[in-house]
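Please construct the entire structure, taking both the sequences and the accompanying hints into account.
When you number the sequence shown by this note's numbering, it's gap-free, plus one each residue, and the end is 401.
Just so you know, the hints here were simulated from the structure itself, not pulled from any lab data.
Not one of these hints is a red herring.
Within a straight-line C-alpha distance of at most 25 Å, the following computed SDA-like cross-link-like pairs (lysine to any residue) qualify:
| no. | residue 1 | residue 2 |
| --- | --- | --- |
| 1 | 25 | 86 |
| 2 | 177 | 285 |
| 3 | 209 | 279 |
| 4 | 38 | 216 |
| 5 | 87 | 151 |
| 6 | 140 | 119 |
| 7 | 25 | 162 |
| 8 | 82 | 167 |
| 9 | 38 | 186 |
| 10 | 38 | 7 |
| 11 | 302 | 312 |
| 12 | 216 | 188 |
| 13 | 87 | 234 |
| 14 | 177 | 217 |
| 15 | 197 | 367 |
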Amino acid sequence: MSNWDCVIIGAGIVGLGTAYALKKRKPNWKIIILEKEDSICKHQSGHNSGVIHSGIYYKPGSLKADNCKSGYKLLLDFCKQHAIKHEICGKIIVANSEEEIVSLHKIQERGIANGLDGLRYLSEEEIQEREPCVRAKKALLVPQAGIVHYPEVGQKLAELLLKEGVEFAYSEEVKSVRQKNGLEVVGSKHIYTTKKLISCAGLYSDKILSNIHKNSAMIIPFRGEYFTLKEDKRSLVQHLIYPVPDPRFPFLGVHFTRRINGEIEAGPNAVLAFRREGYTKKDISVREFSEILFFPGFYKMAAKYWKTGMGEMWRSFSKASFTRALQTLVPAIQESDLVKGGSGVRAQAVDREGNLLDDFSFQQVAEGFFLLNAPSPAATSSLSIGEMICDKILSNHTV
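Quick look at the structure:
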């Protein structure tokens, strides 16, 4: 049994960013981060495309919009201060139909409402100069978008936290949380009594919350699979190239991303994973998948999005179909140009009516703060989310 001022569950970039914000405000607090893996950033924080998001897509006034805007600045300042390699390379969003052009105008309007400067449509000559291989009827330039290696950001945060006395407990899986003399966190190795609890548990965020609060939403894991361009084909893509996303679906569609190491990624799709950490088709948990099947919101979600879901599933099994989706952006891409890349799993909260929660979502219970839904742009927003969480948990605190 050990006593703490604050226990944080999860050593992904949001958990680390929250600890960083909290330690600045409460330097004398005893803080420990519990992580079930043997190191930081093992899941969503280490399996993403490394994009620094501009905030163009998000509903003005939403938690995503507000935290992406402030988190963007905090992230860039942090990278500059600590010499973390990053690049603001910009991106283009490509429209190839009249329907997509209408949607693109709406995206531009959202971006302006969210405070983005410099958004503009490129002329045909400018498109060819920036991305010679792109096909586009219209292309919107978003100059604020960039790239970074988020595990490097996480590593620097962990290094700074250790210097400030924050402790880490690795290979410590949280088994339960209960209200007892404050809050008590039962881990696989130890029991922790704490005045404050913050859960940034990602793919298991709903499980942690369900210990002390009846939750109406469930995390449904969606695997995103990537291909990478062969080295001699990287010249086909210069920067970041995105399609106009389906406004009904909180995913951005298959796109091209230049990584900070020079690699070009193509993807991801979005397919149902058969376990929460299901990074391959063979990763199956009968128990976890059964829980999904018994959740009433799953069938309602499937009824709403079955057509989109079938297309995503087909692209998962058909490299040719995946290639055709990419060819709507860069026609010169051939199936032989692509090699199998990595994958990530997105923790997407779905309510009992089958709605995919579009905004960040959290629950406060007693002295605990439970982050429930924090998909993209959570990495970009991580330092701002940390500040927001501190505002919430310290608002009634007098110590």
